[in-house]
Amino acid sequence: MKVTFPHMGNLWICLDAMLKYLGIETVVPPPSSKKTLDLGSKHSPEFACMPLKLNLGNFMEASEMGADTIIMAGGCGPCRFGYYAQVEHVILEDLGYNYRLVVMEPPEKHISQLLSRIRYITGNKPWIEVIRGIKYGYSKARAVDMLEMAAMRKRPLERRPGQTDTALNEALSIIAGAVYGKLDEAYARASEIMEQIPVDRKPVLKIGLVGEIYTLLEPFSNLDLEKKLGRLGVEVDRSIYLSEWVNDHLFMGLVRGVRSSSLYTRLSAPYLRHFVGGHGQETLGAAAYYNNKGYDGIIQILPFTCMPEIVAQSVLPQFSRDTGMPVMTLIVDEQTGESGYMTRLEAFVDLLAEKGARKEELA
Amino acid sequence: MIGFIGLDVGSVSTNIVFLDDEGRVRESVYLRTNGRPIPAVQKGLKQISRLVPPRTVIRGVGATGSGRHLAGIIAGADVIKNEITSHATASSRLVPGVRTVLEIGGQDSKIIILRDGIVADFAMNTVCAAGTGSFLDQQAARLNVQIEDFGELSLKSSSPVRIAGRCAVFAESDMIHKQQMGHDLPDILAGLCEALVRNYLNNVGKGKDISGPVVFQGGVAANLGMRSAFERALKKEIVIPPNYDVMGAVGAAMLARDYVSRGAPTAFKGFGAAETDFRARSFECDGCPNFCEVVELSESGAVIARWGDRCGKWSNSVPQIACG
Chain E
1 MKVTFPHMGN LWICLDAMLK YLGIETVVPP PSSKKTLDLG SKHSPEFACM PLKLNLGNFM
61 EASEMGADTI IMAGGCGPCR FGYYAQVEHV ILEDLGYNYR LVVMEPPEKH ISQLLSRIRY
121 ITGNKPWIEV IRGIKYGYSK ARAVDMLEMA AMRKRPLERR PGQTDTALNE ALSIIAGAVY
181 GKLDEAYARA SEIMEQIPVD RKPVLKIGLV GEIYTLLEPF SNLDLEKKLG RLGVEVDRSI
241 YLSEWVNDHL FMGLVRGVRS SSLYTRLSAP YLRHFVGGHG QETLGAAAYY NNKGYDGIIQ
301 ILPFTCMPEI VAQSVLPQFS RDTGMPVMTL IVDEQTGESG YMTRLEAFVD LLAEKGARKE
361 ELA
Chain F
1 MIGFIGLDVG SVSTNIVFLD DEGRVRESVY LRTNGRPIPA VQKGLKQISR LVPPRTVIRG
61 VGATGSGRHL AGIIAGADVI KNEITSHATA SSRLVPGVRT VLEIGGQDSK IIILRDGIVA
121 DFAMNTVCAA GTGSFLDQQA ARLNVQIEDF GELSLKSSSP VRIAGRCAVF AESDMIHKQQ
181 MGHDLPDILA GLCEALVRNY LNNVGKGKDI SGPVVFQGGV AANLGMRSAF ERALKKEIVI
241 PPNYDVMGAV GAAMLARDYV SRGAPTAFKG FGAAETDFRA RSFECDGCPN FCEVVELSES
301 GAVIARWGDR CGKWSNSVPQ IACG
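Chain order of the listed sequences is E and F.
Per the working numbering: the first sequence = residues 1 to 363.
Per the working numbering: the second sequence = residues 1 to 324.
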C-alpha cells in the first residue's frame with residue numbers, strides 16, 4: 001500500500017510524518033503547480049470549485065509516482081466538499097486509475113469513529129502506537145503553524161525582500177525532516193532561523209485573512225496572498241490554521257489552549273446564527289474577532305462558486321457598516337493573471353494606510 | 001515653468017496628461033494601446049512633448065493602469081500606483097465632496113466609495129465583461145451604430161425596451177428578438193444602456209452605499225445615454241468631470257506631484273525616452289512545473305527589468321526599480 005493525499009498548504013508535513021511513523025509507505029504529490037491545475041481542470045466538472053480540480057491533479061500526479069491509496073477528508077455539511085472524495089474517486093476510475101479510497105470524515109458522534117477509519121490504513125498496529133502517531137503528526141502541524149505565524153510577522157519588516165521566505169523554507173524543511181523524538185530539537189532550530197531574519201522597526205498595517213479553508217491555506221490557490229501582502233508592508237493573520245482545524249474537527253476540541261472555532265461561532269452571533277456549511281459562519285465570527293483585536297482591515301478569500309462563503313460575503317457589508325472595518329472579498333479560480341489581483345491588494349492597502357493616517361491626524 | 005506628467009496605460013487606451021505647477025490639467029493625449037504598450041507610451045510621450053510649453057521642466061511622473069510597471073520603467077516614474085487610488089485621487093480633488101465614483105472603461109469597471117475625501121470602499125468587476133464598455137461596443141457594432149453616436153441616438157428613445165443585461169450573450173439574443181419584433185433603434189439603444197447600468201449596479205455596486213455627489217468617469221462616460229440611465233436608476237444627479245476620460249492619468253500625475261513635493265528628485269528619463277530602443281521579450285521558465293511566463297524588458301540591449309515569475313528567480317536577479 002502506497003498512500004497519497006491532496007495538498008493543502010503544508011498539510012503534507014504532518015500527514016506524511018504520521019503515516020511514516022505508523023510504518024505506512026507514502027507518496028507526497030509534487031507541490032501544486034500550473035501543471036496540477038491543468039491536469040485537474042481538464043477532467044473536472046467545469047462548475048466545481050478550484051479545490052476539487054487541484055485535488056484531482058494531485059492524485060493524478062501522485063499516481064505517476066506509484067501511489068495506490070488515497071486518504072481524503074470528507075464532511076457532511078451543506079458544502080459540496082463533503083462529496084468531493086467520492087466524486088474524485090469516480091472520475092479517477094473513469095480515467096482508468098486504480099485507486100483505493102479512504103475518507104477521513106469528522107466523527108459524527110465520537111472520536112472512535114475516526115479511529116476506526118484510521119484502523120483501515122494502520123492495520124493491526126496497537127492503538128497506543130496509532131495515538132502516538134496522530135499526536136506526532138499533530139505536533140508537526142503545530143510547529144509548522146508557529147513558523148508560518150513568525151513569517152507573517154517578519155515579512156513586512158524584513159530588510160531585504162525575500163529573506164523571510166528563504167528562512168521559512170529552510171525552517172519548514174527542518175520540521176519535515178525531523179524524526180520521532182527529535183521534533184522539539186528541530187523546532188528550536190527552526191524557530192532560531194526565523195528569529196535571525198534581519199528586520200527594521202517600522203509601523204505596519206494589520207490585515208486579518210478570513211474565508212474558505214483551502215484557499216486560505218494553499219498559497220498556490222490564493223496566488224501567494226500572504227507573501228504579496230507582506231511585501232506591501234502588511235502583517236497578516238489568518239482565521240484558520242491547520243493544527244487548530246485538526247483539533248476542532250478531528251479531535252473534537254480535545255487539545256486545550258489552542259484557539260478554537262467555537263470562539264468564532266460565538267462572535268458571529270450578531271450577523272449569522274446558523275451553520276451555513278464550510279466556514280461561512282466562522283468567516284463572520286473571525287471578522288468580528290479581528291475587529292475586536294484592532295486590526296486595520298479584513299480580506300475574505302474564496303474559490304469561485306463557493307456557496308458558504310457567498311452567504312458570508314453578502315452579510316459582510318452589514319458588518320462593515322456597523323463597525324467601520326474595511327472588508328474586501330477576493331475570489332480565486334483558474335486565472336493566473338495577477339495584475340487585477342495586485343491592483344485590488346494595492347488599492348486596499350492604500351485605503352487602510354490613508355484611513356490610519358487620517359485617524360492619527362484627528363487624534 | 002514646471003509641470004507633471006501622468007501616464008495611464010490600460011488594455012484599451014493609453015492616456016497621457018500634463019499638469020502645471022498648480023496641478024491643473026493643461027494637456028492630454030489619448031491613444032489606442034493596441035496590445036503594444038511600449039510603442040503606445042513612447043508615441044504618447046512624443047505627442048505630449050510637442051504640446052507642453054517650451055522650457056518646461058518636468059518635476060514628476062506618475063504611472064497607473066494595468067501597464068503601469070512597464071510604463072513606469074520606460075518613462076522613469078516617481079510614483080507607480082494602482083488605478084483605484086489614482087482615479088479616487090483625481091475625482092476627490094476635481095470634484096470636492098464626491099462620495100461615489102462610477103468608473104467604466106473598455107475592459108473593466110469599478111466603483112469607489114469615498115468619505116471625507118478618502119477611499120472607504122471599492123470594488124472591481126470580477127468574472128464578466130457584461131458590465132463594461134466592450135458590451136456597448138459589441139452591441140453597437142451589431143446594430144451598425146457608430147459608438148460615438150450611440151448616446152445621442154439613445155436619448156431620442158421614448159420607451160426603452162427591456163434587455164437582459166446579466167450576460168452579454170443573453171443580451172445579444174434578447175436584443176435580436178426585440179429588433180425582429182420591430183422596436184425602434186433608439187429604444188433598443190436606451191434599453192442597452194439600462195441593461196448595462198443594471199448589471200453594473202448589481203455586480204460591481206452590490207452592497208455599496210451609493211450616495212451623492214456621484215461622479216461618472218472613464219471612457220463610457222462620453223455616452224450620454226449611460227449618464228441618463230444612471231440618473232434614472234439612482235435618482236441622483238450624475239457629475240461628469242471635464243477630463244472624465246483621462247482621470248487615471250490625472251490622478252497619477254497628482255500623486256507624483258505630492259511625492260516630489262517632499263523634496264525627492266524626479267526619476268523622469270526625459271522625453272528622449274520616446275526614442276530609446278526598448279524591447280520586451282517573453283519566455284517560459286522551465287525551472288518547475290509552474291512554467292511561469294517571464295517578461296524581460298531591455299533598454300538599448302541591457303536587461304532592465306523582468307517580471308512574471310512566481311518564485312522571484314528572474315525578477316530578483318535584476319536591480320529592483322523603486323516603486324513609490
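Please keep in mind that the hints were generated in silico from the structure rather than gathered at the bench.
Cβ coordinates follow ideal geometry from the N, Cα and C atoms, glycine included.
Hints may be right or wrong, so weigh each one.
[Said to hold, decoys possible] In silico negatives: residues of chain E with every beta carbon more than 10 Å from chain F:
#1 G23
#2 G66
#3 V102
#4 R132
#5 E185
#6 V199
#7 A269
#8 F348
#9 L351
[As the list claims (entries may be wrong)] Okay, the calculated beta carbon distance ranges per label pair:
#10 F:G35 x E:K135: 50 to 60 Å
#11 F:G263 x E:R358: 20 to 30 Å
#12 F:N34 x E:R273: 29 to 39 Å
#13 E:P203 x F:S317: 52 to 62 Å
#14 E:P203 x F:C311: 20 to 30 Å
#15 F:T56 x E:E338: 33 to 43 Å
#16 E:Y97 x F:N34: 32 to 42 Å
#17 F:N34 x E:E361: 58 to 68 Å
#18 E:P161 x F:R262: 21 to 31 Å
#19 E:K42 x F:C311: 22 to 32 Å
#20 F:E237 x E:R358: 23 to 33 Å
#21 E:E361 x F:T56: 31 to 41 Å
#22 F:I118 x E:L254: 46 to 56 Å
#23 E:Y97 x F:R36: 23 to 33 Å
[Unchecked claim] In silico DSS-like links for lysine-lysine, alpha-carbon gap of 27 Å or less:
#24 F:K313 x E:K35
#25 E:K293 x F:K313
#26 F:K313 x E:K34
#27 F:K236 x E:K228
#28 E:K228 x E:K35
#29 E:K359 x F:K208
#30 E:K206 x E:K355
#31 E:K206 x F:K43
#32 E:K355 x E:K228
#33 F:K235 x F:K208
#34 E:K135 x E:K2
#35 F:K206 x E:K355
#36 E:K135 x E:K182
#37 E:K228 x E:K182
#38 F:K208 x E:K206
#39 F:K178 x F:K208
#40 E:K2 x E:K206
So, going through the hints one by one against the coordinates:
no.	hint	in the structure
1	G23	30 Å, holds
2	G66	18 Å, holds
3	V102	27 Å, holds
4	R132	35 Å, holds
5	E185	30 Å, holds
6	V199	19 Å, holds
7	A269	21 Å, holds
8	F348	8 Å, violated
9	L351	5 Å, violated
10	F:G35 x E:K135: 50 to 60 Å	57 Å, holds
11	F:G263 x E:R358: 20 to 30 Å	23 Å, holds
12	F:N34 x E:R273: 29 to 39 Å	54 Å, violated
13	E:P203 x F:S317: 52 to 62 Å	31 Å, violated
14	E:P203 x F:C311: 20 to 30 Å	29 Å, holds
15	F:T56 x E:E338: 33 to 43 Å	37 Å, holds
16	E:Y97 x F:N34: 32 to 42 Å	47 Å, violated
17	F:N34 x E:E361: 58 to 68 Å	44 Å, violated
18	E:P161 x F:R262: 21 to 31 Å	23 Å, holds
19	E:K42 x F:C311: 22 to 32 Å	25 Å, holds
20	F:E237 x E:R358: 23 to 33 Å	27 Å, holds
21	E:E361 x F:T56: 31 to 41 Å	34 Å, holds
22	F:I118 x E:L254: 46 to 56 Å	47 Å, holds
23	E:Y97 x F:R36: 23 to 33 Å	45 Å, violated
24	F:K313 x E:K35	19 Å, holds
25	E:K293 x F:K313	37 Å, violated
26	F:K313 x E:K34	17 Å, holds
27	F:K236 x E:K228	39 Å, violated
28	E:K228 x E:K35	22 Å, holds
29	E:K359 x F:K208	23 Å, holds
30	E:K206 x E:K355	13 Å, holds
31	E:K206 x F:K43	42 Å, violated
32	E:K355 x E:K228	21 Å, holds
33	F:K235 x F:K208	16 Å, holds
34	E:K135 x E:K2	22 Å, holds
35	F:K206 x E:K355	22 Å, holds
36	E:K135 x E:K182	14 Å, holds
37	E:K228 x E:K182	33 Å, violated
38	F:K208 x E:K206	24 Å, holds
39	F:K178 x F:K208	32 Å, violated
40	E:K2 x E:K206	43 Å, violated
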